[in-house]
Amino acid sequence: MTDPRQRRLSGPVAEAAALLRRGATRREAIAWFAGAGMAAATAGGILTRAGSALADTPKRGGHIRVAGFSSSTADTVDPAKQTLSTDYARCNMFYNGLTTLDGALNPQLALAESIDNDKATVWTIKLRQGVQFHDGKPLTSADVVYSLTRLKDPKVGSSARPLAAQMQDIKATGPNEVQITLGAPNADLPVVLGTFHFLIIKDGTTDFKTAVGTGAFKCKEFTPGVRSVAVRNENYWKPGQPYLDEIEFFGIPDDNARVNALLSGDIQLAGGIDPRSTRQVQAADGFAVFETKSGNYTDLVIRLDDAPTNNADFVMAMKYLQDREQMRTAIFRGYAVLGNDQPVDPTNRFYCADIPQRAFDLDKAKFHFQKSGIGSTAVPVYASSAASSSPDMAVLMQDAAQKIGLTLDIKRVPADGYWSNYWMKQPVGFGNINPRPSADILFSLFFKSDAPWNESGWKNEKFDQLLLAARAETDVAKRKQMYCDMQGLVRDQSGIGIPLFISMLDAHATSLKGLRPIPLGGMMGYNFAENVWLES
Amino acid sequence: MSVPLRATLPPRRFRISVTGAIGLALVVFWLAVTAVGPMLAPYPPGRIVGTDVLGPMTHAFPLGTDYLGRDMLSRILVGGRYTISIAFVATFLACFSACTLALAAAVKGGWVDAVLSRLLDALISIPSLLFGLVVVAALGSSIPILVLTAAVIYMPGAYRTARALAVNVNAMDFVRVAQARGEGAWYVMRAEIMPNMVLPVLTDFGLRFVFVVLLLSGLSFLGLGVQPPDADLGSLVRENLQGLVFGAPAVIMPAAAIASITIGVNLLIDNLPTRRVSRER
Amino acid sequence: MNSLVLRLIATRVAVSLLTLLIVSAIVFGATELLPGDVAQAVLGQGATPDAVTALRQAMHLDQPAWLRYVSWLHGLLTGNPGLSLVNHLPVAGLIGGRLPNSLVLAAITTAFSVPLALAIGITTAVWRGSLYDRIASTLTVSAVSVPEFLVATLAVLIFAVNLHWLPALSSRSGVHGLFGLVRVYAMPVVTLSFVVIAQMARMTRAALVNTLGSSYVEMALLKGARPWRIVLRHALPNALGPIVNAVALSLSFLLGGVIIVETIFNYPGLAKLMVDAVATRDMPLVQSCAMLFCLAYLLLVMLADLAAILSNPRLRYR
Amino acid sequence: MNADRPLVEVDALRVLARDDSGQERRIVDDVSFSIGAGEVVALIGESGSGKTTIALSLLGYARAGCRIAGGGIRVGATDVRALSAAGLTGLRGRQVSYIAQSAAAAFNPSQRIMPQVIESAMIHRLMPRRAAEAKARGLFRALALPNPDRIGARFPHQVSGGQLQRLLAAMALITDPELVIMDEPTTALDVTTQIEVLRAFKAVAREKGTTTLYVSHDLAVVAQIADRIVVLRDGAVQEIGHTGPLLAAPRHAYTQELLAAAAPAVRMAPPVARTGERPPLLRVAGLTAGYGGANAAGMPVLPVLRDIDFVIQPGSVLGVVGESGCGKSTLARVIAGLLPAARGSVSLDGEALPAKLQDRSREQLRRVQIVFQMADTALNPAHEVDRILARPLVFYHGLRGGALRRRIAALLEMVQLPARLGRHKPGELSGGQKQRVNLARALAAEPSLILCDEVTSALDTVVGAAILDLLAGLRRELDLSFMFISHDLSTVRAFCDEVMILYAGQRVEFGQRRALLDRPMHPYSDLLVSSIPELRTGWLDGISAAHLAEASGGIAAHAIELPCAFYNRCAVRVEGVCNLQKPPLRPLAKGAEILCHRTEQELLAAQSPQPAAVLVH
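The listed protein sequences correspond, in order, to chains H, D, Z and C.
Taking our numbering, I'd label the letters of the first sequence as residues 1 to 536.
Taking our numbering, I'd label the letters of the second sequence as residues 1 to 281.
Taking our numbering, I'd label the letters of the third sequence as residues 1 to 318.
Taking our numbering, I'd label the letters of the fourth sequence as residues 1 to 617.
Next comes chain H alone, as it looks inside the complex (with noise of 0.2 Å):
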């Protein structure tokens, strides 16, 4: 059966690309880079890696076994195939990007050496020397500029082809230096190049039965659906790393099988367990939780755009039906944040504290929604464990909205298919939205009128016209506005109900250190393999 945690995890590259599609400005871009807090890039300067504050000393050596929460057919070491999580844990061994995403998004520099770039259009990006891929082939200009123009090709159906395709031009402009012009300025370009879509294969590559790539495992055995096992790269580049010697990585499907896999010693990492594990793997010793707080949530999507729901009282009351406290414990295990029905999560910077949270309220709620006039027709409520806890979410405004004297008529649907059939096309109904880096990407695909996936089709010019303005201000205060304006419009008139932010769980053995949370997605923002080592 079809995983219900299954989901087609975008990632920041599909929002980068709704940018570019949108034709960002080089000012807006550069505005949005600057916002991002990464004023450094635009500067040209050497990004340097995070430094960790780290408790312990790596230990070199070892072998474990990870499951993911997802195996299928569909498996895949091509970077620009990836669709689920389980493909980014997995190519995030083999191969590696031009940057990659630190633990607060910002890029940092891995097989690029340098990039510099001209009015954020025409970027320079010098590879870093001595680079070797699995098969001992030295990385060239000619691999990036093959692993990029790849992603542009529909024959590949690469869901990352929309952003490539602003890569207007693409060339070696040396043996160790790649030029890329853009079709129109984007200063966020290190940080999509640090996204997965964008790891570097060698050129020419056709045949991805295997993964060679310049990672820091090689791939010593690869079945779609099955497992894969990665093994130690002496010659990587980064000093001392990776630590382990052999990673056997898989999916275990189901939730309880990959906690008590766990359990049992079979496996030392159980990537996205469910939050109502958590006890089981807490009481058991050797065994701890790994959170990873995101700005992750789940949604009540009520559709502006067609009677009967494009009706604000009755979207108002749905809101005031959502118990936040309740959801969160009883669902989550307090494994979340409180939502205020904006997209923007506690961690943003631009997160604003000052609008009131919104409380689960039955007065007000029987006040308008008795001012809809929606009456005692039943309003169909449209679930799916696609959307992940979405159904059980829907039973808790069901029995709230009971109170009130509104029937809320649940249908949950297969996870199979959800997206395609139901997401965005029932008057009301759930979504899941992933981490993105910043208030600008998720206002931008989510929200604004135009948005690809405007969910609840709200239109509303000013929060269009604060949102480009928001992206060319400089002055972070008054950008701080900007966005505390948007937030309150979008908590109080569109079509969304954000209740939670959902944190990412992992469980692992405690033995398995190394573990620091990147905001991407769980298992460090997938990137775990070269991070990670066993204590003896």
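It should be emphasised that the hints constitute simulated quantities derived from the structure, not laboratory data.
Fair warning: this is a prediction, and the values are worked out from it, not measured in the lab.
Every residue gets a Cβ at the ideal spot worked out from N, C-alpha and C, and that includes glycine.
Be aware that a few hints might be false.
What the hints assert, rightly or not - Far from chain D, by Cβ distances over 10 Å, these chain Z residues were calculated:
#1 A10
#2 V15
#3 L89
#4 P313
Claimed, not checked - Computed beta-carbon distance windows for the label pairs:
#5 L40(D) <-> F179(Z): 27 to 35 Å
#6 V49(D) <-> S71(Z): 54 to 62 Å
#7 A65(Z) <-> F246(D): 50 to 58 Å
#8 F246(D) <-> Q357(H): 31 to 39 Å
#9 T100(D) <-> G286(C): 36 to 44 Å
#10 G553(C) <-> G213(Z): 34 to 42 Å
#11 N147(C) <-> F179(Z): 55 to 63 Å
#12 F246(D) <-> T53(Z): 46 to 54 Å
#13 L131(Z) <-> F246(D): 31 to 39 Å
#14 G292(C) <-> A65(Z): 38 to 46 Å
#15 G292(C) <-> S71(Z): 38 to 46 Å
#16 N147(C) <-> G184(D): 47 to 55 Å
#17 G29(Z) <-> R362(C): 40 to 48 Å
Claimed, not checked - Using 30 Å as the maximum straight-line C-alpha spacing, the simulated DSS-like pairs for lysine-lysine come out as follows:
#18 K403(H) <-> K366(H)
#19 K364(H) <-> K459(H)
#20 K356(C) <-> K108(D)
#21 K462(H) <-> K448(H)
#22 K202(H) <-> K152(H)
#23 K108(D) <-> K425(C)
Please build the complex by placing chains D, Z and C on the supplied structure of chain H, with the hints as guidance.
Then chains D, Z and C, alone, in the frame of chain H:
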């Protein structure tokens, strides 16, 4: 000619054995639950009433609480109604349509038999999983569709059993008598053959009922099932599976409920006061 | 062997082939009914209409259904079921990698459950009406009425998590010796046996009770034969037909119906392959898997029928 | 062992059976008898007399639901009732062996014959396998089985019923048991087959001096074989005596009743007016039928009937006689429309009946009713008697409500059943009662012709006689015609106006009832008539060699396709004629027609006159 003695102990007429009585008691109990259970539920099945999730049995929550802190007793009372009524209707539909087709195949014989048998053989060989997925995807999810899906999945198996029985009964002289009288095929099927295969068909019904009860939780997993907040008993077991580690009543109780329903049905059917079909020879 | 038996066998085989053809049409039709296609599935949340159209064309999904059916059927007959739409690997290879796993699991389960089921069926038939009969019959029904995911999970918790006797995951790689084999397969096999034993045992009992009531069994008793000789020499051979049929029906479940066991023990078998393929709308793979399950079913039922024909001396010797 | 002491002693035996309501009742009550060494004692009685139960108790065996509750059983030095389970297995097959009624059912169909025959010798470890097989072959020879060296390698279904019965005897004798129990060993056999089996049994028993308990309902058979007879009724002994005196001068009333039923009285209707103005009720002409579809020539693949012609006059009874497999039941099915004929015609009152059931009108169907042999399978066990009788009344006559109830009551009265039986299901009725319901259902249609297929064959003699009385009465009252099918000549003789004798699907003789009594006859008719055991001792031993040869000949393969089907067995056959040319239809002076190349004079010369004792006419 010597006195024909039966090879098996004759059952006592109008009396039921102890095991049969246990089965009857279980079935009556669950029928009562189906009829009035939800009315007796102390809490709404979708409401979070306990602060403890997967909690133990207490005065307030006699069967503990589930993974969200909902009252298990209420959920089982409601889930029992769904499970029993859906499984019963689906199994009945499966067995009824199977018997009808089997009777037609046996009485008509020839190409009717051949075509029916081949088609149903083809149907039985298609994995129920694929079938369930296709149904959900093509027709969506509702209780009637759920019932029909379960019925169609188990119908070919019931057909095989019923056809074998019908062919045997069809060979009896009383069927020839009816045909020689000029009776139509429908009468022969309904009045002459069917009453003589009720008992073995019921036995088949019992086992198939078990399968349908279990199939429900599988289909619910695919998204074809009882809609939240309610859940069938199998799904109750599945959604609270994390509690198994702690021996939570939330997982043990619905499993025990399933077991008692299915065992009850089978004990009752296996110990029905039997009627002799013919004198032993 | 005589012409009658040969004719019966030939008819049976022909009927199976015909059924297989019907099945292929049904399977193809059913997969056509699944909404969404591989292009949508591949693109997931990011499926926009133009992206889907482009990918669809690249995958030849724009051809009419009947044309794809004919070419697929031709491919099947020539032993070339095509390439996976998702990862472009040959379907035959993907299935070939999983088939041995499924077969091994099915074979071990068969080797374990069939003798057990027969033993239960035979003993309950011999001591029918006894306390043992009632208890055993109730237990087999109980066993089948416990959801298999519960059985499997409970087994894992006890034997893997708490006792550390057995691995929580079953993988055939790196298994050495009989002991290793037992360790790896113990839990999945027992879980599956819970499901299949009940029906086999019940059918065996019913068939045996039938023959145990016959005159030749009474005759054997009056010859002074002891109970086991009566059962094994006189009753069992004559009940073989229905028993083999029940066994075949139960075993057909072991290839395609074991998805829960494959999932919980993370065993890379065919059932999981097909479920993955359905999720990703990888139709060539779905169709080939479905056909394989149908083939296995028809083959088993056909073998059972042939066994019944061949075990009947009335047909063999005229 | 004391020489005076009998080998077997049964003393005050009591057997209880649990009935449907769970009550135990006595089915054998205070039965005592003894069997001397080398003696043949017969237990005789009807269904329910407890004779099989007593016989089985000598093996320490009671069928499920029954138990031996009291009394003593001694075989030789063994106290059977004191034996443990292991002791019983040592007794069975070794000291006491058993020959069951139906050999076809008593042989395991999936095993070859030889291992089954020697199985008890193997179980009791009496001799090595080779020796046992050699001994078995010796017994096969002694029992006059064909091909004694190879018959053991065959499967039961490959051997005829009479042969199987003798093989069963070999199975019983292989261990040289002290006592052999024969339970109705020839009841399921045709009369001509019965002769050879009985003779073989008797010869072997005489030669080996085997002590035998012979269980039967047939006095005539018992008269041939038993030294003494124990008459049973309702589980109690009525009379014990030596065979000759008992038959000649039965003391007990029940024994007298049995003797009377064994030689049935003729139930003649007033002679049918043969004025010729009434057309025949049923005319069958050139009828050919069979199973398995038609071949290229339009003939059935498995032909069963060939070129049958006959008529039934209104109000008369045609008896159809023949042994199993001769096609007599098929004839009834063809007339009833259940089996379409391949060729020929069936017409009712001059109106041709369509071959297929579906093409016949409801009225045509109503006028011809069929009554099957086995009331067990002919009555739907799930329906109550009232419902069984109501259906034809509703179906044909549209009766409802009170009229329906009254008619059902009248029908039950007509077949002499109490009205309360209407609420019972067939399973709760006795065999005779079931057969009456079976008849009543046919009568409900108010037919012109009733096809009775062996309606008395499965019944006890006395019960069967009562059914015959009923039929005769109905015929008188209702002006019914019957086609009365039977393998039993005495019942045919007692009830029919005309007789047709079938052999292998061919009509060999057709004529007035006298045809069965007056010579000459068709050679097969002669064999059939003279094979009926006579109720006198010594009949079996007096059978001529020629007769015996014919009796043991067996039906030829594909006999129906031969010019004369009886050719291979016929004592008066003409080589070069009978096997090449179809015999002519030859009218005889007694008013019958036969199918034979021999002239009346030739036949008369070849046939010995019948002993007058049987001629009841």
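To see whether the hints hold, each was checked on the structure:
1. Its beta-carbon lying about 16 Å from the closest one in chain D, A10(Z) satisfies the requirement of being farther than 10 Å from that chain.
2. Some Cβ of chain D comes within 10 Å of the Cβ of V15(Z); the nearest lies about 7 Å off, and the non-interface call is violated.
3. Distance to chain D confirms L89(Z) as a non-interface residue, since its nearest Cβ pair spans about 21 Å, more than 10 Å.
4. With a minimum CB-CB distance of about 21 Å to chain D, P313(Z) clears the 10 Å threshold, and the non-interface call stands.
5. The hinted window of 27 to 35 Å between L40(D) and F179(Z) is violated, with their beta carbons roughly 53 Å apart.
6. One distance hint, 54 to 62 Å for the beta-carbon pair V49(D) and S71(Z), holds here, with the actual separation near 59 Å.
7. For the pair A65(Z) and F246(D), the supplied restraint of 50 to 58 Å holds, since their beta-carbon distance comes to about 52 Å.
8. Against the hinted window of 31 to 39 Å, the Cβ-Cβ separation of F246(D) and Q357(H) comes to about 34 Å, which satisfies the hint.
9. Judged by the Cβ atoms, the range 36 to 44 Å given for T100(D) and G286(C) holds: they are separated by roughly 42 Å.
10. G553(C) and G213(Z) have their C-beta atoms about 36 Å apart, which keeps the hinted 34 to 42 Å range intact.
11. Range check, N147(C) to F179(Z): about 58 Å between beta-carbon atoms, so the 55 to 63 Å window is met.
12. Range check, F246(D) to T53(Z): about 52 Å between beta-carbon atoms, so the 46 to 54 Å window is met.
13. For the hinted restraint 31 to 39 Å between L131(Z) and F246(D), the CB-CB distance of approximately 36 Å keeps it satisfied.
14. At about 44 Å, the beta-carbon gap between G292(C) and A65(Z) stays in the expected band of 38 to 46 Å.
15. The hinted window of 38 to 46 Å between G292(C) and S71(Z) holds, with their beta carbons roughly 44 Å apart.
16. In this structure, N147(C) and G184(D) meet the distance hint of 47 to 55 Å, their C-beta atoms being roughly 52 Å apart.
17. Between G29(Z) and R362(C) the beta carbon distance is about 45 Å. The supplied range of 40 to 48 Å therefore holds.
18. The hinted pair formed by K403(H) and K366(H) meets the criterion: a straight-line CA distance of about 9 Å does not exceed 30 Å.
19. Between K364(H) and K459(H), the direct Cα distance comes to roughly 25 Å. Compliance with the 30 Å bound is thereby established for this hinted pair.
20. Taking the CA atoms of K356(C) and K108(D), the gap is about 15 Å. The hint holds against a cut of 30 Å.
21. With a CA separation close to 10 Å, the supplied pair K462(H) and K448(H) stays within the 30 Å bound.
22. For the hint linking K202(H) to K152(H), the alpha-carbon distance of about 16 Å falls within 30 Å, and the restraint holds.
23. For the hint linking K108(D) to K425(C), the alpha-carbon distance of about 28 Å falls within 30 Å, and the restraint holds.
Hint check: violations occur at hints 2, 5; the rest are consistent with the structure.
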